Amino acid sequence: MVKAGRWLRYAWAAPYTVLGLLLGGIAVMFGARWRPYHGVVEIFGGRIGRAISRLPASLGFSAMTLGHVILAVDRSALTQLRLHEHVHVAQYERWGPLFLPAYLLSSLLQLLRGRNPYRENHFERQAYAVVAERRRLLRDSIRG
Numbered sequence: 078m079v080k081a082g083r084w085l086r087y088a089w090a091a092p093y094t095v096l097g098l099l100l101g102g103i104a105v106m107f108g109a110r111w112r113p114y115h116g117v118v119e120i121f122g123g124r125i126g127r128a129i130s131r132l133p134a135s136l137g138f139s140a141m142t143l144g145h146v147i148l149a150v151d152r153s154a155l156t157q158l159r160l161h162e163h164v165h166v167a168q169y170e171r172w173g174p175l176f177l178p179a180y181l182l183s184s185l186l187q188l189l190r191g192r193n194p195y196r197e198n199h200f201e202r203q204a205y206a207v208v209a210e211r212r213r214l215l216r217d218s219i220r221g
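Each residue of the sequence shown is one higher than the one before, starting from 78 at the first, in our numbering.
Bear in mind the hints are in silico, worked out from the structure with no lab data behind them. Here the structure is a predicted model, which is why all the values come from computation and not from measurement. For each residue, glycine too, the CB sits at the ideal point set by N, CA and C.
The calculated label-pair distances, taken between Cβ atoms and stated as ranges, are:
1) Arg112 with Arg192: 28 to 38 Å
2) Ala206 with Phe107: 33 to 43 Å
3) Ala81 with Gln157: 32 to 42 Å
4) Phe138 with His199: 16 to 26 Å
5) Pro174 with His115: 14 to 24 Å
6) Arg127 with Ala81: 39 to 49 Å
7) Lys80 with Ala128: 32 to 42 Å
8) Arg196 with Tyr114: 19 to 29 Å
9) Ala179 with Gly116: 14 to 24 Å
List time: in silico SDA-like cross-link candidates among lysine to any residue, alpha-carbon distance up to 25 Å:
10) Lys80 with Arg112
11) Lys80 with Arg171
12) Lys80 with Tyr93
13) Lys80 with Val95
14) Lys80 with Val118
15) Lys80 with Leu160
16) Lys80 with Tyr114
17) Lys80 with Leu175
18) Lys80 with Ala91
19) Lys80 with Pro92
20) Lys80 with Pro174
Please work from the sequences and hints to get the whole structure.
Written as structure tokens, this is what we have:
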């Protein structure tokens, strides 16, 4: 049974989850695959994924998260970026409908400061840091 707090996090992120499901549904109509995975819906591949992967780096992406939906250009990108995207899921759960405006504002502030609006974005830096820490802990546990 899912606790009430979990349902509240799903509800708080729901506006973006609905958008992700709509965009993902379109991708599925063009050959993308989907599956539930650890509380999110992952959608990857298909003709739209191939088209996005051919865009110039400044216009494209390998994966993105909308609420509890992760959209990836293909299975490989999803596998490589899954941990990073799950950090964004947690950010959506925390920020809810405020996430996208806060994300865009962070990018705008970095751009105005002459910095990279993606790499220096607060939310991206947090996601990269969490993934790096998880990988460090995994390496340390393997070394024993």
